[in-house]
Amino acid sequence: MDKDSTYQLIERYFEGSLNEDELADFQKKLADEPDFASAFQLEKELMDGIENFGNQRLRKELDLIHQEEKNNAAQLSETGKRVPLIPRRYWLAAAVLLGIGVLASLIFDARHPTPQQLYAMYAVHDFDFTEKSGGGDLLSQAEALLKNKKYSAAIPILEKYIKSNPEDGPAKLAEGIAFLETGEYERAFAIFKEIGEVNSFLKNEAVWYTGLAYLKMGDAEKAKAAFSELNKGSKRYGEAVELMGYME
Amino acid sequence: MQHRPDNEILGLLKSGNPAQQERAFRYLYRQYYGLAESIVTKNNGRPEEAKDVFQDALIVLFNNTKKEGFQLTAALKTYLYSICHKLWLMKLRKTKREAPLETRHELLPVEATQLETLITTERKLLITQLLEKLGEDCRRIIELFYFRKTRMAKIKELFNLGSEQAAKNKKSQCMKRLRQMALASEEIRNLRNSAGSLS
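Sequence lines, in order, name chains A and B.
Just add 3 to the spot in the first sequence (first one is 1) and you have the numbering used here.
Just add 597 to the spot in the second sequence (first one is 1) and you have the numbering used here.
Hints were generated in silico from the structure; no laboratory data involved.
Each hint can be trusted.
Only pairs whose alpha carbons sit at most 25 Å apart, straight line, appear in this in silico DSS-like list of lysine-lysine:
no., chain 1, residue 1, chain 2, residue 2
1, A, LYS63, B, LYS674
2, B, LYS751, B, LYS765
3, A, LYS206, A, LYS150
4, B, LYS611, A, LYS63
Modelling step: build the complete structure from the supplied sequences, incorporating the hints.
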């Protein structure tokens, strides 16, 4: 058995794709052939190393999520604190003066997030879609910037990439999100509209982000209208139903 | 935030799709991070120490979901609570055990098994370094296939490869390069010799 075939067999073992007979042969070779056992040992070491590498990468991803969730929570609690219109020291007096009804309405308001708070809760961007385009230096750079929330810096790089790859829908969507995050709503809407018209695969993503853009602008009604255009079978539909539950 | 069924979250983690896995981790963060914080702060810890405990618990959960036949025997919340609790106790015990060692100023005999563990850890680090040198596409394909359990059809889509067979070939080429780098590494060879001399 040549080296390539040996490693192909060992790869299949680690993929779990050997059948019962092949597995029995494999065990026999492992016991009888020192070269095969040594190749197996190397592959096992590589698998352990890959597991270690994967855990490290996952931890980095979790660090990013941790930071983002922390920021979101801080943002929510900061805006939440602004809900009561009466200064703190006058709370007691205000409660006495305005009665329990006013106090109840304050509690009620705090339990209903504003459109911008809903945006912060639901705008979880999946920048893996730049990878779906196959990589490349410009896209890798843009992806790294987007994942680090450096949206303004990512825009010119995405524009340069899209100029030579005008058919790349995921990259265009990423550009739209970057405009949305930097507050350039008109440009974001134009991109989402174009994607919705020409890319059936990304249509629901474009509709979802149109709704999110209206939320970020504080227009709950237009956001609802946009979400209602989502395809019921799409992955975004469930999220939209959940989100609109907060607006009722 | 609406509660999602445990099976839905496990399904996302097992999907092999990194975007869906991220969605699950984000949900778990929002839903259960408070559990870790409560365990840590009620047991002599600071709130910021909960981060590592919770992340370790998520990594344990993720790696367990990849095992064939893995099934939850309790609610996901209870499962995560138990792992966080155990991890924090282990950390407390470790801190307690290691502190006197530092103050005693004496060298304790090191057993062969401890050396083996050190060698294994060192070897894993060296292979991690080789993966870093492998190039972004290869590194990502290997990580997706072996660690994230991403299917070839998805890898084909993510990397714009013509077919599943092309994706499979690419993965095999990447593994071949990694193997060649490992075989050429003097440091890995030295470690193997050290391990051999222990047995």
